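As given, the protein sequences belong to chains B and R, one line each in that order.
Quick note, the first sequence lines up with residues 1 to 120 if you use the working numbering.
Quick note, the second sequence lines up with residues 1 to 721 if you use the working numbering.
Calculated from the structure, these hints are not laboratory results.
It is possible that part of the hints are untrue.
What the hints assert, rightly or not - DSBU-like cross-link-like pairs, simulated, lysine-lysine; straight-line CA separation at most 35 angstroms: (1) B:Lys89 <-> R:Lys496; (2) R:Lys414 <-> B:Lys89; (3) B:Lys69 <-> R:Lys76; (4) R:Lys457 <-> B:Lys110; (5) B:Lys90 <-> R:Lys497; (6) R:Lys457 <-> B:Lys90; (7) B:Lys90 <-> R:Lys390; (8) B:Lys110 <-> R:Lys120.
Stated by the list, open to error - Covered stretches of chain B, as calculated for chain R (at least 3 residues, CB under 8 angstroms): (9) 23 to 30; (10) 95 to 106.
Source: prediction; values computed, not measured.
Glycine included, each C-beta is placed from N, C-alpha and C at the ideal position.
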Amino acid sequence: MQTILTVDDSRTMRDMLRMALVEAGFNVVQAVDGVDGLDVLQQSTPDVIVTDINMPKMDGFGLIEAVRKDNRYRKVPILVLTTESDAAKKQRAKEAGATGWIVKPFEPTKLIAAIRRVAA
Amino acid sequence: MAAIRQTFFQECEEQLSEMEMGLLAMDEGSTDSETVNAVFRAVHSIKGGAGAFKLTQLVQFAHTFETALDFVRSGKLNPTSEMMKIMLRAADVLADLVEASREGREINEASYETVASDIKSLTLIDGKEEVEEAIDFQPTVIDFGFSGISVEATPEEEVSSSHEYRIGFTPQPELYANANETALVLRELNRLGTMEATCDASALPDLESIDPNGAYFSWSIRLTSEHEIADVREVFEFVEGEAELSIESDGQPEVSDVDIAALLAKALGTPTASEPDAAPESATTAQEIEIAPAVAEIIPAPAVAAEAAKPDAKAAAVPTQTTIRVEFDRVDRLINLVGELVINQAMLSQRVIEANFAGSSSVIIGLEELEQLTREIQESVMAIRAQPVKPLFQRMSRIVREVADATSKEVRLKTDGEATEIDKTVVERLAEPLTHMIRNAVDHGIESPEQRLAAGKPAEGLVRLTAAHRSGRIVIEIADDGAGIDRPKVRASAIKKGLIPADAQLTDSEIDNLLFLPGFSTASTISNISGRGVGMDVVKRSIQALGGRISISSRPGLGSTFSMSLPLTLAVLDGMAVSVAGQTLVVPLTAIVETLKPKKTDIHALGAEGRVMSIRNTFVPLIDVGTQLGFRETAAQPENSVAILVETGGGARNALLVDSIQDQRQVVIKSLEANYGTVEGIAAATILGDGRVALILDVDALVTGSFEESVSGELRYGTGG
Numbered sequence: 001m002q003t004i005l006t007v008d009d010s011r012t013m014r015d016m017l018r019m020a021l022v023e024a025g026f027n028v029v030q031a032v033d034g035v036d037g038l039d040v041l042q043q044s045t046p047d048v049i050v051t052d053i054n055m056p057k058m059d060g061f062g063l064i065e066a067v068r069k070d071n072r073y074r075k076v077p078i079l080v081l082t083t084e085s086d087a088a089k090k091q092r093a094k095e096a097g098a099t100g101w102i103v104k105p106f107e108p109t110k111l112i113a114a115i116r117r118v119a120a
Numbered sequence: 001m002a003a004i005r006q007t008f009f010q011e012c013e014e015q016l017s018e019m020e021m022g023l024l025a026m027d028e029g030s031t032d033s034e035t036v037n038a039v040f041r042a043v044h045s046i047k048g049g050a051g052a053f054k055l056t057q058l059v060q061f062a063h064t065f066e067t068a069l070d071f072v073r074s075g076k077l078n079p080t081s082e083m084m085k086i087m088l089r090a091a092d093v094l095a096d097l098v099e100a101s102r103e104g105r106e107i108n109e110a111s112y113e114t115v116a117s118d119i120k121s122l123t124l125i126d127g128k129e130e131v132e133e134a135i136d137f138q139p140t141v142i143d144f145g146f147s148g149i150s151v152e153a154t155p156e157e158e159v160s161s162s163h164e165y166r167i168g169f170t171p172q173p174e175l176y177a178n179a180n181e182t183a184l185v186l187r188e189l190n191r192l193g194t195m196e197a198t199c200d201a202s203a204l205p206d207l208e209s210i211d212p213n214g215a216y217f218s219w220s221i222r223l224t225s226e227h228e229i230a231d232v233r234e235v236f237e238f239v240e241g242e243a244e245l246s247i248e249s250d251g252q253p254e255v256s257d258v259d260i261a262a263l264l265a266k267a268l269g270t271p272t273a274s275e276p277d278a279a280p281e282s283a284t285t286a287q288e289i290e291i292a293p294a295v296a297e298i299i300p301a302p303a304v305a306a307e308a309a310k311p312d313a314k315a316a317a318v319p320t321q322t323t324i325r326v327e328f329d330r331v332d333r334l335i336n337l338v339g340e341l342v343i344n345q346a347m348l349s350q351r352v353i354e355a356n357f358a359g360s361s362s363v364i365i366g367l368e369e370l371e372q373l374t375r376e377i378q379e380s381v382m383a384i385r386a387q388p389v390k391p392l393f394q395r396m397s398r399i400v401r402e403v404a405d406a407t408s409k410e411v412r413l414k415t416d417g418e419a420t421e422i423d424k425t426v427v428e429r430l431a432e433p434l435t436h437m438i439r440n441a442v443d444h445g446i447e448s449p450e451q452r453l454a455a456g457k458p459a460e461g462l463v464r465l466t467a468a469h470r471s472g473r474i475v476i477e478i479a480d481d482g483a484g485i486d487r488p489k490v491r492a493s494a495i496k497k498g499l500i501p502a503d504a505q506l507t508d509s510e511i512d513n514l515l516f517l518p519g520f521s522t523a524s525t526i527s528n529i530s531g532r533g534v535g536m537d538v539v540k541r542s543i544q545a546l547g548g549r550i551s552i553s554s555r556p557g558l559g560s561t562f563s564m565s566l567p568l569t570l571a572v573l574d575g576m577a578v579s580v581a582g583q584t585l586v587v588p589l590t591a592i593v594e595t596l597k598p599k600k601t602d603i604h605a606l607g608a609e610g611r612v613m614s615i616r617n618t619f620v621p622l623i624d625v626g627t628q629l630g631f632r633e634t635a636a637q638p639e640n641s642v643a644i645l646v647e648t649g650g651g652a653r654n655a656l657l658v659d660s661i662q663d664q665r666q667v668v669i670k671s672l673e674a675n676y677g678t679v680e681g682i683a684a685a686t687i688l689g690d691g692r693v694a695l696i697l698d699v700d701a702l703v704t705g706s707f708e709e710s711v712s713g714e715l716r717y718g719t720g721g
């Protein structure tokens, strides 16, 4: 079973992601912000990371950069899931090392398809 | 989904509170970027969640608001106090929209049109809208989830018609650095139809000159598929900008990131066509080459490290608070059990004393330790129910704004002691009386700017709302720097309404307390703000229902202060244990004014059964608790009894006649309704140390039940002395 790490400061969004992902047969671990996400990565190795951008403490850009810096996770696909569809932000996420970009509100089937597309 | 919806609205509450707090800090002049960020994030989160539930109205307004906040965040906008006023109003609208969405209704857009356009005007630079920002979020995207790629296929197209695509795909090093994989892209493409992929490895250098992070392969793909070009394009969505890509559909070059002619020439130059199935295999080979160096630590990333260090430093500044969410029922069950424990411990103590173990010091010491521990457990458990008054106080700032606007006054609310904690139920039930008092303070207390200036005060009035712990209780004060209570007017009004005799001699404090009388209203014109009907008497009653007391003090020209003293919890009660006809009863301490030993001459008969007691030349109704509750037939002899002077919610004073006073103690409240049924004159019950049940008196019900007919009007308010 593949494990997905979801990083989002919104409880609503975390619940929704969990529901959609568990239903699709994924194992889900959650984190509430970038700092928490890095913490979770110390204990579990997800197959895909799905992260929000606007978060307290450490935002999505910070998380992606930090994850890419860690050799263990250089090859873990990171999908950005955010309400922002701004091209400049997208570019910044790409530069940080994001694998893909999905705009909220998301449709579960599309999200699952996107995860399957990047997960080995 | 319903559960998630509930979570969303719960979260909205938290976000709204966070937002309000931040906005107020900004209003006070805070320019801290983290404050602005927090406000932005709160609104942003609401928008995000609202989008998921297709709450279009909420999404649209949140978006407008968010855009303005983003301007502040990015420094494009320097908020003036005027702008902050608009933002605070927008915050109110957002709260209304959340509330409406929760209840599944829509709000008439006209009602917040002004605020919406005001907020929008903040983001107009030289009167022009920043187009880029304005189209940043389109609510219509909702149904698709993905933006940019949600291009619909042309409908007139036949379902069975198949297309032939020629795709040139040259990954750049960034593609692999971002954890994308050529193999996965090809795998995805293969799902769309029949595919032939050719790998051009001619760019691969000698082994020693291979850059482990480099990308050396390019692919030319022939795809036969019934899918439209948008679907093909979607496969490459994530690698956009990380690869050179060209897609030619049925001989028509549709999309091009590079010089197609050059790429095609390059791709067609090495036409080593392979079987479709072989494509992912060869791709895997390429992947392995890419992965291997990834393990060898060759990546220098000082720039990345410097970037990442920044958010870390920020994180350290924010203290982490770990919390868990527990259902309320569980906490209540725990509180109940601890209540039982307290009672049990008291019973054990009593048994030990009765069994004459008192001589054994080790037993006594053990017992004392148990008592100490029990008390600590009780306090800790009560603390779980305790909540800071902050959310309650935050709501008040909105009330102040609204009333100030409606009355054309300038008022600032200053809050203090927001971290003070009270029982959740008390916080909840405090909202209404507090709202009413705050409205009063702004509407009746604070003068108009002109009047204030004429009186030598600043035009802006101040209402202070403070909470503090004081000797085991919470004291909440509402103080305004307005004109103070107009005592001659209050007195005249009370006389006119027949509440006091025309010749009544009242002290200042007694006049102030007239405000708490039922049916009293001082405003010369009845404003629709403070309303009518709900007077200070209702406020006083609700405070007393919480086991609280309220008092008022006022200085002409300087303002008034309402002070409320509330219990920390509703689960225990400070009471006076009294004996009546062999029964133990508990009188809530908050209702007791004083205790007296009556003389025979103090008691006077009134009517057939009624009696009044003279206390320092004032007559108060005397209630014989024993006969009133049916414990005995004949009335008690006053000279053998004790009178307890109590004050009811309505401010009426009465004397309760009981046999004797046992002691003052804290008792655990047990609901009588839940365990037995409603009994007139009894509020609840408790279990004593000896295991017997003691009833807690409902002073208000006892007084009204006893004297509603036999006591005349002027005796109802016993302030005569």
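**Violations among the numbered hints** = Violated hints (numbers, rising): 1, 2, 4, 5, 6, 7 and 9; every other hint is consistent with the structure.
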